[in-house]
Amino acid sequence: MDFMYYGDILIVDLEAGTTEEVEIDEAWRAGPVLPAALELFRRHAQDNPLLLGSGILTGTTAPASCLGFVLGASQITGGPAVAPLDMFAGAEMKLSGFSMVLIKGNSPDPVYLWLHDGVADLVDASPITGKDTWRTCDAIREEMGEQLIQVVSIGPAGEAKSDLASFSINYWGSGDNAALGALMGAKNLKAVALRGLGMIDAEDPEEFYNRTMDLLRGSPSKKGFDWVSRGPEDEGIDAWLKPLAHRHRSCFACPCACNTFVKYNEDPAVMGSDGVQEPGLMVTNPAAALWLRQGGWGAEGACRAMEAMTRAGIDAVRGAREMSTGPLEDPTEIAAAVEALTGSAGAAWPRGEGAGSGIFGPRTPPQGSEDRWLEVNRAAYVLGICPLFLVTSGVELSELLELCLPAAGVEVDAGGIKEMFDRARA
Amino acid sequence: MTAVRGRLGKAERDPVFERYRKAFLFAGPNEGRTTAYPRVAVYTGSGASHSWIWFADLMERIGLYDITFIVESDMSSGGLDGFDFLLVGGGDTYAMAESLGGDGARAILRFVGDGGLYLGSCAGAYLVLTGVDLEPFTPFRLVTGEMRNVMPDPPKPRCLDHKYLARYGEEWVFHPVYGEVEVGPGDAAAGFPCFDAGATIRAPLFGGPIMEGAHKDEVLARFSGLSDRAAFLWPRGDVLRLVDGRAAAVVSSIGEGTVVVSGPHLEHPLFPGANALAAEVLLRHCARKGELGGGRHTPGRGGDKPVGGEEAESLAREIRRQVSNARIVAFGLEKMPVTWRIGLKVWEPEKVRMFLDYAWYRLPFVAKRAALVSPGERLAHLAGGYGEVTQMARSVKARIESGEDSQAEAELLLGTLKELTAAFLSVYFKLRLQERTGLPEKPRTS
Chain A
63 MDFMYYGDIL IVDLEAGTTE EVEIDEAWRA GPVLPAALEL FRRHAQDNPL
113 LLGSGILTGT TAPASCLGFV LGASQITGGP AVAPLDMFAG AEMKLSGFSM
163 VLIKGNSPDP VYLWLHDGVA DLVDASPITG KDTWRTCDAI REEMGEQLIQ
213 VVSIGPAGEA KSDLASFSIN YWGSGDNAAL GALMGAKNLK AVALRGLGMI
263 DAEDPEEFYN RTMDLLRGSP SKKGFDWVSR GPEDEGIDAW LKPLAHRHRS
313 CFACPCACNT FVKYNEDPAV MGSDGVQEPG LMVTNPAAAL WLRQGGWGAE
363 GACRAMEAMT RAGIDAVRGA REMSTGPLED PTEIAAAVEA LTGSAGAAWP
413 RGEGAGSGIF GPRTPPQGSE DRWLEVNRAA YVLGICPLFL VTSGVELSEL
463 LELCLPAAGV EVDAGGIKEM FDRARA
Chain B
52 MTAVRGRLGK AERDPVFERY RKAFLFAGPN EGRTTAYPRV AVYTGSGASH
102 SWIWFADLME RIGLYDITFI VESDMSSGGL DGFDFLLVGG GDTYAMAESL
152 GGDGARAILR FVGDGGLYLG SCAGAYLVLT GVDLEPFTPF RLVTGEMRNV
202 MPDPPKPRCL DHKYLARYGE EWVFHPVYGE VEVGPGDAAA GFPCFDAGAT
252 IRAPLFGGPI MEGAHKDEVL ARFSGLSDRA AFLWPRGDVL RLVDGRAAAV
302 VSSIGEGTVV VSGPHLEHPL FPGANALAAE VLLRHCARKG ELGGGRHTPG
352 RGGDKPVGGE EAESLAREIR RQVSNARIVA FGLEKMPVTW RIGLKVWEPE
402 KVRMFLDYAW YRLPFVAKRA ALVSPGERLA HLAGGYGEVT QMARSVKARI
452 ESGEDSQAEA ELLLGTLKEL TAAFLSVYFK LRLQERTGLP EKPRTS
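The listed protein sequences correspond, in order, to chains A and B.
Read left to right, the first sequence gives residues 63 to 488 (the numbering used here).
Read left to right, the second sequence gives residues 52 to 497 (the numbering used here).
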């Protein structure tokens, strides 16, 4: 690829403890995007691979270009599943110096993978084994000496290969509703840490920049979760969290700051920090909060439970569903309840349009038909644009697809994307 | 060239360098060309800041790869013999003068008298001005010129207090503008292509001298205007009145040799026009001289043994790993509100990454030819050195984050980086030179 990606595909053999770089298959004209990863997934199926990659526009000036992907076999669905690599991790994946990463086999000893500017290091993770995701993130960033390193890690739930396990992105919950965290645990892979200082070339930089700025100027700027509500029962989540809300934060390059930081160990009115090291949590997935609210939980208790689940590396959405029957307030009781979930079998997310279909998880709201829902998700991952932005911003999908020409010199349309997935038999 | 992208990469690819690459690349006394292929010494010793790497960058852009990085002890021990250019960049002039001392000054004088070219910018310019006449500068006076930017009681600056003043006896050297300035041709630049059709060029002034008193025929460039890409420590009108028409660069002949001094950094990698002015001076010196010291020099064929291919590759990978790790920490350092004063020079954290970048963007070239590096221990030295740099950078950062003083650690880090960057660039340019002189691609193996 001359544009939008640089570097080869990295193949990490955990069993042998080796890394190898292979050239990108020219057949993937649109780039090493998700369908290409699915093809690699099938080719290496016997090695139970885990793949990380990004979309064509990920990490650029295109609005909401935060989306990368993690792909692997889900132990709860039995097939390949995709989880979003968002916030700032998708962009960092793009800049890591590798166009895609395939991790095969299982490591005999705990390791973490450190990807930096085209260098791949397998690092001994025994000092951080057993640590929760927050301490894991701290330890890796301290070891490498930089706070901007993006850390995709698992906690005790992942190490226990729990069906409820989910990888976290830095300190916060991810959209991994398919137990890819358990797959990382099975591989003895505690984390993948990402950092790159490179730059990406566009085929026509000026045209690309101007178009993306036009789109950004025409995009809505929103805060909180209500605007991405999945239906009437979802509404009011912002009001529910409001007494604790401290700030809203967007993912990379997104004009919509849906992630909501809540403080419950410190007055939310304190702008900075009043000496409290861990004042609260970034709520990144409203579905978890909704389950708990529907179960009668108060906002503070719910946020404490979500924190405990995120730290343990439990999918807060599915964990919240398990916990929604018994509202708790006492932090000690909440911690004990979450600990009981670690290692729990848990239940798979119900499948169906809007609740996860095919290889995709349930983050995107229903779109009226399963075909349309799949189309949105496929396009989102190929482009590297957040699906929530795609369905709520008012920016036409075609406008984003047209960016692929000045970006990468390739023409991509919705039909072409479907063909890519069909070829990859996804 | 290197794989730098963005503004720096664009400057690097500027067509202006083609003229000089052609002139120098094919130069050589045995080839019947008009100029010989010069040997270049770049001063990296005490007092030198990071800007000497800009000189290395400029040499590469114009196709000059026979570069040696020298320190003060090299100069006083006859280490300038056989070189054609001595390039001295910015830094702490007091530290330079003190460490070079009388022996260093005599060595420079002998070098120029024997037909060498001295090119000094910023501190390297102050060092040899006749107008700088206190100890420890008195032995160095080579170029007639007074500093205009000196006074006993300068007014308070509007910004950048830490960049404003340096003690000069009972007076102060002051810097009223910091950043890009505009310069036009002086009489000595007649026929210089960079000033064709009355053109002016832009160059950054980072504390260099604003000069007067030079002979009219020796003024190479005069300050002719200001730019919005500068910080004004004085009101802009006052700055213009101070600098307008004053000498920005002066060239002087001493015996067979040439001395060029410039307040602005003509070697700065983002200013191809200024680079062209410096390159033209070098080229004209060569054309005037014909046979140069470099003609007597056969580089790169030492009897040192390279390491084996596999080991060399492994060491090159380790260098890449460590430089990457260090750059990532260095990027984080840049966000920190801290500076370090080393001697008279204020160092900002971004200088750490600047050193590392010069190695980073040249690493692919070295990695491909790692098996040719001789002696092979050089690679091991670099790998170990950059590993230490990574640890030092992490330690500096951790100290800053925990509110502790980082001065001593930062001083050690920057000093180590300076030495290591010179060592890396020595390897790099040796390989470049080997390619230019057509040495075999494959190493001799034992």
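The set of hints was computed from the structure by calculation and includes no laboratory data.
Just to be clear, a hint being listed does not mean it is correct.
[What the hints assert, rightly or not] Selected chain B positions facing chain A (in silico; Cβ < 7 Å):
| id | residue |
| --- | --- |
| 1 | Lys340 |
| 2 | Phe382 |
| 3 | Gly383 |
| 4 | Lys448 |
[Said to hold, decoys possible] Here are a few chain B residues that sit away from chain A, every Cβ distance over 12 Å (derived from the structure):
| id | residue |
| --- | --- |
| 5 | Gly60 |
| 6 | Glu149 |
| 7 | Gly182 |
| 8 | Ser278 |
| 9 | Ala282 |
| 10 | Gly360 |
| 11 | Arg371 |
| 12 | Asn376 |
| 13 | Ala377 |
| 14 | Asp408 |
| 15 | Trp411 |
| 16 | Leu463 |
If you're wondering where the values come from, they're calculated on a predicted model, not measured in any experiment.
The C-beta atom is built at its ideal place from N, Cα and C for all residues, glycine as well.
Results of checking the hints against the structure:
With a least beta-carbon distance of about 42 Å to chain A, the hint placing Lys340/B at the interface is violated under the 7 Å criterion. Residue-level restraint check for Phe382/B holds (minimum Cβ-Cβ distance to chain A is 6 Å; threshold 7 Å). Because the smallest distance between the Cβ of Gly383/B and any Cβ of chain A comes to about 4 Å, under 7 Å, the interface hint for this residue holds. At a threshold of 7 Å, the smallest CB-CB gap from Lys448/B to chain A is about 5 Å, leaving the interface hint in force.
The claim that Gly60/B is not at the interface with chain A is violated, since a C-beta of that chain comes within 12 Å of its own (minimum 9 Å). At roughly 35 Å, the least C-beta separation between Glu149/B and chain A is larger than 12 Å, which holds for a residue marked as non-interface. With 12 Å as the threshold on Cβ separation, the claim that Gly182/B sits away from chain A holds: the shortest Cβ distance comes to roughly 43 Å. Its beta-carbon lying about 24 Å from the closest one in chain A, Ser278/B satisfies the requirement of being farther than 12 Å from that chain.
Look at Ala282/B: its CB is around 26 Å from the nearest CB on chain A, clear of 12 Å, so calling it non-interface holds up. The Cβ of Gly360/B sits about 18 Å from the closest Cβ of chain A, beyond the 12 Å cut-off, so the non-interface label holds. Distance to chain A contradicts Arg371/B as a non-interface residue, since its nearest Cβ pair spans about 6 Å, not more than 12 Å. For Asn376/B, the requirement that its beta carbon stay farther than 12 Å from each beta carbon of chain A is not met, with the minimum near 7 Å.
Its closest Cβ contact with chain A, about 9 Å, brings Ala377/B to no more than 12 Å, contrary to its assignment away from the interface. For Asp408/B, the non-interface assignment is contradicted: its Cβ lies about 9 Å from the closest Cβ of chain A, within the 12 Å cut-off. A beta-carbon of chain A is positioned within 12 Å of the beta-carbon of Trp411/B; the least distance is around 8 Å. The beta carbon of Leu463/B is kept farther than 12 Å from every beta carbon of chain A, the shortest such distance being approximately 16 Å.
Of the hints listed earlier, those the structure fails to meet are numbers 1, 5, 11, 12, 13, 14, 15, in rising order.
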